[in-house]
Amino acid sequence: MTNAALKKTPLNAQHRKLGAKMVDFGGWDMPVQYSGILEEHRAVRAKAGLFDVSHMGEVYVMGPDALRLVNKVITNDAGKLQLKQILYTPMCYEHGGVVDDLLVYKMADDHYFLVVNASNTDKDYEWLVKNAQGLDVTVENISAKTAQLALQGPKAESILGKLTDYDLASLQYYWFDSFRVDGVECLVSRTGYTGEDGFEIYLPPEFAGLLWDKILAVGQDEGILPIGLGARDTLRFEARLPLYGQELSSEITPLEAGLGIFVKLDKADFNGKEALVKQKQEGLTRRLVGFEMIERGIPRSHYPLAADGREIGWVSTGSYAPSLDKNIGLGFVSPRFAALDTEIEVVIRGKGVKAKVIKTPFYKREA
Amino acid sequence: MTNPRDLKYTKEHEWARIEGNRVTVGITHYAQEALGDVVFVELPGVGDKIIEGEAFGTVESVKSVSDLYAPVSGEVVEVNDNVLDSPETVNTDPYGAAWMIVVEIADPTEVDKLLSAEQYEEFLAEQD
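Chains A and B, in that order, give the protein sequences. To convert, note that position 175 of the first sequence is 174 in numbering that gives the first Met the number 0; the numbers rise steadily by one, no gaps. To convert, note that position 46 of the second sequence is 45 in numbering that gives the first Met the number 0; the numbers rise steadily by one, no gaps.
Don't read these hints as lab results, they were simulated from the structure. Even for Gly, the Cβ is constructed at its ideal location relative to N, Cα and C. Watch out, some of these pointers could steer you wrong.
[As the list claims (entries may be wrong)] As a list, the in silico DSBU-like pairs of lysine-lysine whose alpha-carbon atoms are at most 30 Å apart: (1) B:48 to A:353; (2) B:48 to A:350; (3) A:6 to A:16; (4) B:112 to B:10; (5) A:71 to A:266; (6) A:79 to A:279; (7) A:350 to B:10; (8) A:353 to A:363; (9) A:325 to A:79; (10) A:122 to A:6; (11) A:20 to B:48; (12) A:325 to A:353.
[Stated by the list, open to error] Some chain B residues near chain A, calculated using beta-carbon distances under 8 Å: (13) 39; (14) 42; (15) 45; (16) 64.
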């Protein structure tokens with residue numbers, strides 16, 4: 000069944016040929032799974048996985064005031080980036096809530112490349128244009144001209160190495176470069192959303208299908224699998240990487256979401272600074288914590304969290320965690336319930352089910 | 000996979016094996032495939048009463064939560080603890096090891112409403 004109203008990535012035919020189960024993901028026709036979420040999840044942790052993330056949004060910020068605009072909208076400091084370096088950052092409203100979280104790539108002193116969430120692309124572009132008023136800068140949405148593949152897992156480097164002469168070992172975490180992969184000029188960064196080593200590869204859409212097929216073919220001996228959005232979510236969740244709409248939203252600040260290290264309050268004026276400084280001074284009224292179930296049950300997004308019969312917060316993400324074989328969750332609670340080992344309850348179908356606060360990330364790869 | 004001919008079925012994708020007044024209940028191959036990897040099952044306890052057409056338990060995959068609907072009314076007389084401990088058997092053996100409960104039915108005529116394997120497969124064909 001094909002829903003003609005849904006947007007398609009350049010790899011739609013590949014997904015269908017591989018027998019993926021397709022879903023409507025924020026208006027995109029995307030693969031949620033191929034062989035199965037658990038098998039795909041384990042392949043990325045133990046071997047390698049290939050993701051189509053072409054739905055992600057890409058925006059160029061160019062011109063003499065490029066850095067001024069970027070640093071005005073983000074909470075992290077792009078002024079500290081070196082050429083070909085990347086940072087992760089929230090982007091806030093004046094009241095401290097989050098517009099989106101994104102990656103900023105420094106292409107040149109007057110050129111930054113921003114990678115944003117698919118469902119927020121239009122909103123982010125408009126936000127950037129609005130904030131660019133009075134600045135000597137051009138904002139260009141290049142999402143439609145950009146395909147993106149993510150190759151993740153301990154075997155990612157050896158698989159990608161079969162398709163390029165570039166010295167991949169020299170490409171460090173959160174750095175990028177431009178080079179040929181299977182003869183096609185790509186922008187390749189050592190980044191990802193899984194908690195594993197790996198790469199994100201940006202290239203023109205017309206070459207995406209060929210490269211997708213090629214990576215799966217050369218990675219076959221190493222056990223590579225195509226990975227859908229289902230496992231992408233369980234992988235990022237175990238690594239405590241936030242998902243916009245769950246751990247982040249216009250109603251949640253980066254400080255509440257535990258992203259304080261990406262908020263540079265000593266930086267010159269930026270959107271949300273005043274509100275965030277105030278929040279830090281006054282203290283948080285809620286905090287993101289990780290927890291594991293003590294009693295039987297799986298926490299799910301929006302389930303209430305309780306203690307002593309009173310509601311104390313809500314679950315932002317919850318799932319069976321394949322790498323841990325446990326049922327775990329992330330949720331927002333009043334700070335007095337945030338200490339490790341605090342017993343809380345997840346309200347599942349009207350019943351309080353015992354859980355306890357544990358440290359995050361739930362999963363961390365061995366260095 | 001074909002659905003066993005000796006079982007009865009519901010439109011909510013449960014199966015029922017009827018042996019006198021004892022009815023064993025599980026979910027169908029179609030249901031487990033639609034769910035994906037099953038990671039959690041919640042069932043009533045022995046002695047609980049269940050009512051035809053109403054939820055008696057829950058089955059959860061990595062991404063979804065679904066109610067289990069009772070094909071018949073009666074008292075739960077056996078619960079499969081193995082399926083609680085190893086929910087993945089719902090995917091691997093839905094008609095065998097992943098049986099869920101045994102119900103003792105009060106009204107034997109209730110089973111007449113259930114679908115035969117052929118009727119269930121016709122129903123599935125209409126869904127696609």
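For each hint, the structure was consulted:
With a C-alpha separation of about 26 Å, the suggested pair residue 48 of chain B and residue 353 of chain A falls inside the 30 Å cut-off, and the hint holds. Between residue 48 of chain B and residue 350 of chain A, the direct Cα distance comes to roughly 19 Å. Compliance with the 30 Å bound is thereby established for this hinted pair. For the hint linking residue 6 of chain A to residue 16 of chain A, the alpha-carbon distance of about 18 Å falls within 30 Å, and the restraint holds. A threshold of 30 Å between alpha carbons decides the hint, and for residue 112 of chain B with residue 10 of chain B the separation of about 11 Å falls inside it, so the pair holds.
Using a Cα cut-off of 30 Å, the hinted pair residue 71 of chain A and residue 266 of chain A holds, with the two alpha carbons roughly 10 Å apart. Distance hint between residue 79 of chain A and residue 279 of chain A is fulfilled; the C-alpha atoms sit about 23 Å from each other, no more than 30 Å. With a C-alpha separation of about 28 Å, the suggested pair residue 350 of chain A and residue 10 of chain B falls inside the 30 Å cut-off, and the hint holds. In summary, the hint linking residue 353 of chain A to residue 363 of chain A is supported, as the alpha carbons are separated by about 25 Å, within the 30 Å threshold.
For the given pair, residue 325 of chain A sits about 39 Å from residue 79 of chain A by alpha-carbon distance, which is inconsistent with the 30 Å threshold. For the proposed pair residue 122 of chain A and residue 6 of chain A, the alpha carbon gap of about 17 Å is at most 30 Å, so the pair holds. The hinted pair formed by residue 20 of chain A and residue 48 of chain B fails the criterion: a straight-line CA distance of about 37 Å is larger than 30 Å. At most 30 Å may separate the alpha-carbon atoms for a hinted pair to count; residue 325 of chain A and residue 353 of chain A meet this at roughly 14 Å.
Taken as an interface hint, residue 39 of chain B checks out: its beta carbon lies about 5 Å from the nearest beta carbon of chain A, inside 8 Å. Proximity of residue 42 of chain B to chain A is violated relative to the hint, the smallest CB-CB distance being about 11 Å (cut-off 8 Å). The criterion of a C-beta within 8 Å of any C-beta in chain A is not met by residue 45 of chain B, whose closest approach is roughly 17 Å, and the hint is violated. Because the smallest distance between the Cβ of residue 64 of chain B and any Cβ of chain A comes to about 6 Å, under 8 Å, the interface hint for this residue holds.
Hint violations for this structure: numbers 9, 11, 14, 15, all remaining hints satisfied.
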